[in-house]
Amino acid sequence: GESVGLHLPTLSVQEGDNSIINCAYSNSASDYFIWYKQESGKGPQFIIDIRSNMDKRQGQRVTVLLNKTVKHLSLQIAATQPGDSAVYFCAENTPGNTGKLIFGQGTTLQVKP
Amino acid sequence: ETGVTQSPTHLIKTRGQQVTLRCSSQSGHNTVSWYQQALGQGPQFIFQYYREEENGRGNFPPRFSGLQFPNYSSELNVNALELDDSALYLCASSLTMADTQYFGPGTRLTVL
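Heads up: the sequence lines are chains E and D, in that order.
All letters in the first sequence, in the order written, are residues 1 to 113 by the numbering used here.
All letters in the second sequence, in the order written, are residues 1001 to 1112 by the numbering used here.
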């Protein structure tokens, strides 16, 4: 069935270190991928997106990597800060299902001071 | 802040009742999508509205229905509430159907 999965439910890192959050997706036809950050009691916040014609995209302190061969997506956060502590979701969209985002279970990022 | 607002923030209902949740989209956005997020899970797509028409629906029963108004705000209606309907209901707006979706803060629905 449709699913977007994350490899680890919880990731704990030291403040200042780099974080890598992974995501495996199941539909090889998916052409658009998004990372969201969700803090407790809030709605998901857009971080960065990437389309299938790219394999890397950089934002401010964040980088998304897409490996279509193995259907893998990752989010890299540089110099992780306490404010980065949240649940991170990857989501995918497929042609023909425009607007229907499929979310994974989420990875909780804990930043230790 | 995304500019997407939802009301109410919290709601408590009993089984069998009906509920209406509201969403105001970000200025300039003509598309609204609704999601259900159970505790500890990722959001699940309910349906999307584009220019007042339903554009795609997830695996939810017909008792979940919606509307979009000429100003692109939207309502989610749930009839005959069940205990499993307890969740965070999220609304997301986008410029058009295929664009980035920006989420509101959600409405926490508890069904007793």
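Misleading hints may appear alongside valid ones.
Residues of chain D clear of chain E, computed beta-carbon distances all greater than 12 Å [said to hold, decoys possible]:
#  : residue
1  : Thr1009
2  : Ser1033
3  : Gln1048
4  : Asn1055
5  : Gly1056
6  : Gly1058
7  : Asn1077
8  : Asn1079
9  : Asp1085
10 : Cys1091
11 : Asp1099
Now the stretches of chain D that chain E is said to cover, found in silico as 3 or more residues with beta-carbon under 8 Å [what the hints assert, rightly or not]:
#  : region
12 : 1010 to 1018
13 : 1021 to 1027
Just so you know, the hints here were simulated from the structure itself, not pulled from any lab data.
Here a beta-carbon is modelled for each residue, glycine too, at the ideal position from N, C-alpha and C.
Evaluated hints:
1. At roughly 10 Å from the closest C-beta of chain E, the C-beta of Thr1009/D falls inside 12 Å, breaking its exclusion from the interface.
2. Distance check for Ser1033/D against chain E: the nearest CB is about 6 Å away, which does not clear 12 Å, and the non-interface claim fails.
3. Non-interface status of Gln1048/D relative to chain E is broken: a Cβ of that chain comes within 12 Å, the nearest being about 4 Å off.
4. Taking the minimum C-beta to C-beta distance to chain E, about 6 Å, the non-interface status of Asn1055/D is violated against the 12 Å cut.
5. Remark: the non-interface label on Gly1056/D conflicts with the geometry, its nearest Cβ contact in chain E lying 5 Å away (cut-off 12 Å).
6. Listed as a non-interface residue, Gly1058/D fails to keep its Cβ farther than 12 Å from every Cβ of chain E; the least gap is roughly 7 Å.
7. No Cβ of chain E comes within 12 Å of the Cβ of Asn1077/D; the nearest lies about 20 Å off, and the non-interface call holds.
8. Look at Asn1079/D: its CB is around 23 Å from the nearest CB on chain E, clear of 12 Å, so calling it non-interface holds up.
9. Non-interface call for Asp1085/D relative to chain E: holds, since the shortest CB-CB distance, roughly 18 Å, exceeds 12 Å.
10. For Cys1091/D, the condition that its CB be more than 12 Å from all CB atoms of chain E is violated, with the nearest at approximately 8 Å.
11. Under the 12 Å C-beta cut-off, the non-interface status given to Asp1099/D relative to chain E is violated; the minimum distance is some 9 Å.
12. Three residues within the 8 Å Cβ limit are the bar, and the region 1010 to 1018 of chain D against chain E gives 0, so the coverage statement is violated.
13. Coverage of a stretch by a chain is defined here by at least three residues with a beta carbon nearer than 8 Å to that chain's beta carbons; for the region 1021 to 1027 of chain D and chain E the count is 0, and the condition is violated.
In this structure, the hints that do not hold are numbers 1, 2, 3, 4, 5, 6, 10, 11, 12, 13, in rising order.
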